[in-house]
Amino acid sequence: MSVKERDPLSGHETTGHEWNGITELNTRVPRAVWFFIAVTHIWALVYWVLMPAWPLVTTYTKGLLGYDDRERIKQQVLTADAEQAEWTRALATLPAEEIRQDAVLMARVEQTAPALYGDSCAACHGSDAAGGPGFPSLVDGAWLWGGDAGTIMETLRVGINAPHPESRWAQMLAFGETGILTRPQIRTVVDYVQSLSGLDTEAAPDRLAEGETIFAENCASCHGENAKGIQELGAPNLTDDFWIYGGDDASMFTTINLGRQGWMPAWEDRLTVAERMALTLYIQDLGAEQGE
Amino acid sequence: MFRTLLKPFTRFFEFHAKTHYRAERHSMALSVGIILAAGVGGFIEIAPLFTIDDTVEADPDMRLYTPLEQAGRDIYIREGCYACHSQMIRTLQDDVDRYGPYSLAVESKYDHPMLWGSKRTGPDLARVGEKYSDDWQVRHLVDPRALVPESVMPQYAFLLDTALETDSLPGRLAALRAVGVPYTDDQIGSAASDALGQALPDTERADGVLDRYGDETNVRIFDGRSDRLTEMDALVAYLQILGGLTDLPTKTQPARGEE
Chain F
1081 MSVKERDPLS GHETTGHEWN GITELNTRVP RAVWFFIAVT HIWALVYWVL
1131 MPAWPLVTTY TKGLLGYDDR ERIKQQVLTA DAEQAEWTRA LATLPAEEIR
1181 QDAVLMARVE QTAPALYGDS CAACHGSDAA GGPGFPSLVD GAWLWGGDAG
1231 TIMETLRVGI NAPHPESRWA QMLAFGETGI LTRPQIRTVV DYVQSLSGLD
1281 TEAAPDRLAE GETIFAENCA SCHGENAKGI QELGAPNLTD DFWIYGGDDA
1331 SMFTTINLGR QGWMPAWEDR LTVAERMALT LYIQDLGAEQ GE
Chain Y
34 MFRTLLKPFT RFFEFHAKTH YRAERHSMAL SVGIILAAGV GGFIEIAPLF
84 TIDDTVEADP DMRLYTPLEQ AGRDIYIREG CYACHSQMIR TLQDDVDRYG
134 PYSLAVESKY DHPMLWGSKR TGPDLARVGE KYSDDWQVRH LVDPRALVPE
184 SVMPQYAFLL DTALETDSLP GRLAALRAVG VPYTDDQIGS AASDALGQAL
234 PDTERADGVL DRYGDETNVR IFDGRSDRLT EMDALVAYLQ ILGGLTDLPT
284 KTQPARGEE
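Protein chains in written order, with our numbering: chain F, 1081 to 1372; chain Y, 34 to 292.
Please note that a few of the clues may not be correct.
To be verified - Think about it this way: if two alpha-carbon atoms lie no more than 16 Å apart in a straight line, the pair counts; the simulated EDC-like pairs of lysine to aspartate or glutamate are:
#1 F:1142 <-> Y:87
#2 Y:51 <-> F:1093
#3 Y:284 <-> Y:92
#4 F:1154 <-> Y:128
#5 F:1154 <-> Y:130
#6 F:1154 <-> Y:127
#7 F:1142 <-> Y:78
#8 Y:152 <-> Y:128
#9 F:1308 <-> F:1320
#10 Y:142 <-> Y:86
#11 Y:142 <-> Y:87
#12 F:1308 <-> F:1321
#13 Y:284 <-> F:1349
#14 F:1142 <-> Y:86
#15 Y:142 <-> Y:90
#16 Y:142 <-> Y:280
#17 Y:284 <-> Y:90
#18 F:1308 <-> F:1292
#19 Y:284 <-> Y:94
#20 Y:142 <-> Y:92
#21 Y:142 <-> Y:94
#22 Y:284 <-> F:1348
Rather than coming from a laboratory, the hints here were simulated on the basis of the structure.
Next up, chain F with everything else stripped away, as it sits in the complex (with noise of 0.2 Å):
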């Protein structure tokens, strides 16, 4: 180290380094710094005693504010359900008709439904409710368990062939692979199933009448003499112009051979029963704006 020297012009020390005659000056901290450190020191005392801050060995300090995160949350659930009780007990406890007379539990219907519907419905039957291949449209109105508000409640809750233990339950039958019918007999059925919802079909009078037989003794059980379906058995109607996964020659062929199983998921854990309601009422709108 060398001997001190001052910088004649700015008056401060030098570090003692010196490169082709340029010195580096040791010019002070300034004192704003030093004021920022003291406080920010000063800051981290005070906030040490306020809030949970430092680990002991099988614990840590809780602060004197008592600030806990857990507890925070579950008092903004509290008050946030408590502000919604009186809109929210209505939609859990009045029957849909009611509702549908009160325009302020309509509003606030009007208000929730679209996001509840946006995160957990839309993923399936589509954010115009439309439906596709696979998953049912919620606005042609036609509906495998029944359209009524009570209905929709329960299919909201329990799902269909979900985990859920009350979860509604059925099931396509894979006639081709388990042998009941022969590919031939598929085809005919599929031509005859096509006739019933006036799809153009070229098939013979006798072949159609053939279908009809094997209809008989093999889809009738669930989907109906009249093949309108029985909702009790969530079998759908096969008269109409709606098909979940299709109406053509092929997609119908793979249901009847291979069989069809679709899966609602239950949100009895997910969503409130005033939730479940709003979604209920607000898809039962867009089944009646779009024209049913």
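Since the structure of chain F is already known, use the hints to place chain Y on it.
For chain Y alone, coordinates are given in the frame of chain F:
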């Protein structure tokens, strides 16, 4: 006044400044000093978490990942799903409103490494298990935009065509046991067979899975094809158990809408 307040500490500040002045002229002393200063954060803030009693909640009924689910977890990591999906519901009201009860530490007890994440390009997946059907998960992984038109998620259709490698599963389970996951010798020994059995319901192998991992275990044909075990089976099995290893969060947190 400020000056008077600081007066008693003047000697400390001067000592500090002098030491610092000397230390920064000796590279080794400075390095040691930096390591010590940076280490304080670890020693004081992280190390005690291993001894503090309530860091991880106790749940004796906590379920283990089955070999198939663990294999799916490894695929989840391999494909970088964690880069866009978090698995951590924070103690914030909007998180709890959307995703359900906030995450507890115990839920990640058997996660090595944990996949909490800090960025959500896609939604949080901590409780996605059983929220959608297996079929939906498969089709969504094959082509996300077919089901969610506005999605920006990449396609993972190849998982459906890639056979799951199961030979290394006993080793993977043994490695997890070494870091504290309580797999038994029996579970490790039959890991490859159990991975197959979980996707083949109503077989002897499937019964073995239920024996070893409990009757609550999901035994299903996850990818819709019973003829082979694919990486899709594993990933969907994993996604469907997310949030389902323990019911402690729902038991300890107030349910919404039920004051």
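Hints versus structure:
For the proposed pair residue 1142 of chain F and residue 87 of chain Y, the alpha carbon gap of about 13 Å is at most 16 Å, so the pair holds. Between residue 51 of chain Y and residue 1093 of chain F the alpha-carbon distance is near 15 Å, which keeps this suggested pair within the 16 Å criterion. Our distance criterion of 16 Å between C-alpha atoms is met by residue 284 of chain Y and residue 92 of chain Y, whose separation comes to about 11 Å. Among the hinted pairs, residue 1154 of chain F with residue 128 of chain Y is consistent with the structure: their alpha-carbon atoms are about 13 Å apart, no more than 16 Å.
A threshold of 16 Å between alpha carbons decides the hint, and for residue 1154 of chain F with residue 130 of chain Y the separation of about 12 Å falls inside it, so the pair holds. Using a Cα cut-off of 16 Å, the hinted pair residue 1154 of chain F and residue 127 of chain Y holds, with the two alpha carbons roughly 13 Å apart. Between residue 1142 of chain F and residue 78 of chain Y the alpha-carbon distance is near 15 Å, which keeps this suggested pair within the 16 Å criterion. Distance check on the hinted pair: residue 152 of chain Y and residue 128 of chain Y sit about 14 Å apart at the alpha-carbon level, within 16 Å; holds.
This hinted pair checks out: residue 1308 of chain F and residue 1320 of chain F have alpha carbons roughly 8 Å apart, not beyond 16 Å. Annotation: proposed proximity of residue 142 of chain Y to residue 86 of chain Y holds, straight-line Cα distance about 14 Å (limit 16 Å). At most 16 Å may separate the alpha-carbon atoms for a hinted pair to count; residue 142 of chain Y and residue 87 of chain Y meet this at roughly 13 Å. Pair hint residue 1308 of chain F plus residue 1321 of chain F holds up; C-alpha atoms about 12 Å apart against a cutoff of 16 Å.
For a cut-off of 16 Å, the pair hint linking residue 284 of chain Y to residue 1349 of chain F stands: about 12 Å separates their Cα positions. Straight-line distance between C-alpha atoms of residue 1142 of chain F and residue 86 of chain Y comes to about 14 Å, which keeps the hinted pair within the 16 Å bound. For a cut-off of 16 Å, the pair hint linking residue 142 of chain Y to residue 90 of chain Y stands: about 9 Å separates their Cα positions. Pair hint residue 142 of chain Y plus residue 280 of chain Y holds up; C-alpha atoms about 14 Å apart against a cutoff of 16 Å.
In summary, the hint linking residue 284 of chain Y to residue 90 of chain Y is supported, as the alpha carbons are separated by about 13 Å, within the 16 Å threshold. For the hint linking residue 1308 of chain F to residue 1292 of chain F, the alpha-carbon distance of about 14 Å falls within 16 Å, and the restraint holds. Taken as a hint, the residue 284 of chain Y and residue 94 of chain Y pair is honoured in the structure, with Cα atoms around 13 Å apart against an allowance of 16 Å. Proposed proximity of residue 142 of chain Y and residue 92 of chain Y is supported: the alpha carbons are some 10 Å apart, at most 16 Å.
Distance restraint check for residue 142 of chain Y and residue 94 of chain Y: the Cα-Cα separation of roughly 12 Å lies within the 16 Å cut-off, and the hinted pair is therefore satisfied. Taken as a hint, the residue 284 of chain Y and residue 1348 of chain F pair is honoured in the structure, with Cα atoms around 15 Å apart against an allowance of 16 Å.
Of the numbered hints listed earlier, not one is contradicted by the structure.
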